[in-house]
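Use the sequences and the hints to build the structure in full.
Number of protein chains: 2
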Amino acid sequence: MTKKAVVLLSGGLDSSTCVAIAQKKGFDVYGLSFSYGQRHTIELEASKRIANAMGITRHEIIDIDLRAFGGSALTDDIDVPKGRDEEAMDAEIPVTYVPARNTIFLSFALAFAETIGADDIFIGVNALDYSGYPDCRPDYIAAFQKMARLATKAGIENDIGVRINTPLIDMTKAEIIKTGVELGVDYALTTSCYDPDQAGISCGQCDACILRLKGFKEAGIIDPIEYQNDIFR
Amino acid sequence: MTKKAVVLLSGGLDSSTCVAIAQKKGFDVYGLSFSYGQRHTIELEASKRIANAMGITRHEIIDIDLRAFGGSALTDDIDVPKGRDEEAMDAEIPVTYVPARNTIFLSFALAFAETIGADDIFIGVNALDYSGYPDCRPDYIAAFQKMARLATKAGIENDIGVRINTPLIDMTKAEIIKTGVELGVDYALTTSCYDPDQAGISCGQCDACILRLKGFKEAGIIDPIEYQNDIFR
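In order, the protein sequences belong to chains A and B. Residues 1 to 233 (this note's numbering) make up the first sequence, in order. Residues 1001 to 1233 (this note's numbering) make up the second sequence, in order.
When the alpha-carbon atoms are kept at most 30 Å apart in a straight line, the in silico DSSO-like pairs for lysine-lysine are as follows:
no., chain 1, residue 1, chain 2, residue 2
1, A, Lys48, A, Lys82
2, A, Lys217, A, Lys24
3, A, Lys48, A, Lys178
4, B, Lys1004, A, Lys146
5, B, Lys1146, A, Lys146
6, A, Lys3, A, Lys24
7, A, Lys48, A, Lys3
8, A, Lys82, A, Lys217
9, B, Lys1146, A, Lys4
Treat the hints as calculated values from the structure; they're not laboratory data. Computed from a prediction, not measured in an experiment: that's the story for all the values here.
Okay, structure coming up:
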């Protein structure tokens, strides 16, 4: 029987690289995406395109409304910061931080994994480019895995429980892009921008665009997506 | 400034007792309930009645669809077991177990707590009467708290982070009921049944009804709610 893995799929380049890595390791991929009141719903369209193009086994989109709590520029009417250098990004937890987002996403992934009988969850977090989010750090992921093993039937019955795989955790954005290109990921299908225009075209100036563009530049690869202005490239 | 606490509020007797305990400790209570495709939506009505009657500060109901994954008698068309004794309940993880439910609920509580600036979350889990659910054990709760402290801004900035309070963890159902009655909880507003009829009347025969009725009997207090047949009392 083929091994199953739940892969958190945001529609960005990190998560689509995770899909390719999981498939390369021989997993049947069960993609999980969230409609969480994010301003950039274009992400969800990207996640569907990636799920189709990469031939994953099943793709679930879960509706949750994080706007009920408020508190983030990604779900509220707070302005997304533009044109910051990496030093400014690292100096503080950004307003684009959504409270407990990865904890909520991983909890649903855990429920999905338990239901389909998967022992593996993949999440594309990244310690180098994490840009100040507390829930992207290796210590956090290790603590989540420990909690998850105590939370589930599988953990009790088999004394194994789920593994949280973070294949990108020590990679630079450039390394992630090179890996994905080698594995055949079509980055033209992905989107990273926190603040795209109505047609879904990336702004080129938010933290996510800046990190993405820098990654492509360092990898010596042309970013195949469109930007609102070519001067940002 | 009054301290704030997020209390997970199911509409059952454990969570309403938690509200009373948190208020007694001087917290402003922010109640959090979930519409998760449970068959017993009567729970949500009970949670609203309790929130009103107990004068909590704010009550949020979050819509999430655990049915997307399936796998539990509480959200699927699997029959709820009836008439089991406690030995049978303890012998296995019940089909009413919802995969990763408490992990998902606590994750949302963490997001809510972080947004309103609360350092405390209350959950009415119970190690003695936990009836086979892996995510009601003290080890699990401790692991969740550790993970939560690593997950949040508060954990990073203040080196404190959230506390997961489980005031009922070592109490019997009878002790919980006596405590609640002393604190003035009106248990007539609560509901516990996994399989009520269309009018919301409790079945008296599912695991939850059996544990509740036994608790009231041991406490020497009459359960003020109605049952489908008085022979179950």
